Amino acid sequence: MDSVFGICGDDWAIVASDSVVAYSIMKLKSNEDKIYHLDDTKVMAIAGDTCDRERFASYIQRSLDWYKYKNGYELDLESTAEFTRTELATAIRKGPYNVNLLIAGYDEKAEKASLYWLDYFGTLQEVKKGAHGYANYFTSSVLDNHYKKDMTLDEGIECIKDCIKELQTRFLMSQPGFVIKIITKDGIKVETVG
Amino acid sequence: MSIMDYNGSAMVAMKGKNCVAIAADTRLSQQLCTISQNMQKVFKVNDRCLFGLAGLATDVATYSKELKMKTNMYKLTENRDIKASTFTDLVATSLYEKRFGPYFVVPVVAGLDDKGDGEYEPVIASYDYIGCKEQSYFACAGTSQSFLYGVCESFYKEDMNPDELFEAVSQSLLAAMDRDSLAGWGATVYVLTPTEIIVKNIKTRQD
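Heads up: the sequence lines are chains A and B, in that order. The first sequence begins at 1 in the working numbering and counts up by one. The second sequence begins at 1001 in the working numbering and counts up by one.
Bound conformation, chain A alone:
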């Protein structure tokens, strides 16, 4: 039921997620941040069961920190996505994490931003725009419509806001609040809507 979607330009990436924690027919919380910071230039937006989301995010964050302390430098964005994929792919046949994610970040060395789409099987694909869950059905066309080569950051933010508007209009589940995270070479900026 979680909505997670994102779009990526040449040197910026934006991911957004809703902030509702649902429990049966009740909203337990409506200001949850489902986009976890992996480090200063990477985020992971997770859709799925709350417990798995928390556990998996925490596990990946700790694993990346351990890598940093062990080796003296941070893992780069592509390798982070591949590592996360491997963890999901090993888990699916042992004890699956029921989480679908988008990993977005800015790679300082390559000087470009990337967005990765992962699902709970361990499917990984680098994409320019993507969404998970029911949001995929609503926002895919909005993202496709807005996206063009050499898009600017402002156009990207406009696109994400249009996706949110679309979900709030047409999606059956009421999701009053969304968290938007914008990643550029200057770091991560957080915005909330609603």
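Mixed in with the good hints, there may be bad ones.
Pair ranges (Cβ atoms, derived) [claimed, not checked]: (1) B:1207 - A:58: 33 to 43 angstroms; (2) B:1099 - A:30: 25 to 35 angstroms; (3) B:1096 - A:30: 46 to 56 angstroms; (4) A:62 - B:1101: 20 to 30 angstroms; (5) A:1 - B:1121: 29 to 39 angstroms; (6) B:1096 - A:29: 43 to 53 angstroms; (7) B:1073 - A:71: 22 to 32 angstroms.
By construction, these hints were calculated from the structure, which means they are not laboratory data. Bear in mind that the values here come from a model prediction, so they are computed numbers and not experimental data. In this text, a Cβ means the ideal position worked out from N, Cα and C, and glycines have one as well.
On the provided structure of chain A, position chain B as indicated by the hints.
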């Protein structure tokens, strides 16, 4: 929907004279919803061998890496590149290792065996997901498999040169992809000759 149809794919390989070709679509989907139009499904083993994996995308990624690890180990222990025909056996045995918890992938191998004196034996193999190898003059895999068999049989002729082979493989793939709703959104064709690997991206119907 079956687990083999979850991510959608079309894959075909054909023999020519001293050359082989392998082609795959580039669609990644979640059942009927397209996620990406540039998923890589064909991987290189060495200059004489390519393999493609159709089936569940996560297992395509995991299994292609497992094969890469095994062929790297082979190269380190034997100090030479693995032959295409040996690689076909490696694929069969490694899939059967997981007989009771398989990778949901259907591989297609295309390669050239060096027979010496400038002669090369083309090798084409296809499998089921537990490693039953079938070697023939063409191989089909993926959600479009049944569409591909018919059109491949018609387009195939013996001893094609690289250009004719490219045409035969592309047209077969296009015809089958256009019929299959789960495959499409672009295709990549690899023609393997003794001197080079020619890679061409075909612009197809974007649906």
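Quick rundown of the hints versus the structure:
no.: 1; hint: B:1207 - A:58: 33 to 43 angstroms; result: 41 angstroms, holds
no.: 2; hint: B:1099 - A:30: 25 to 35 angstroms; result: 49 angstroms, violated
no.: 3; hint: B:1096 - A:30: 46 to 56 angstroms; result: 51 angstroms, holds
no.: 4; hint: A:62 - B:1101: 20 to 30 angstroms; result: 28 angstroms, holds
no.: 5; hint: A:1 - B:1121: 29 to 39 angstroms; result: 56 angstroms, violated
no.: 6; hint: B:1096 - A:29: 43 to 53 angstroms; result: 49 angstroms, holds
no.: 7; hint: B:1073 - A:71: 22 to 32 angstroms; result: 25 angstroms, holds
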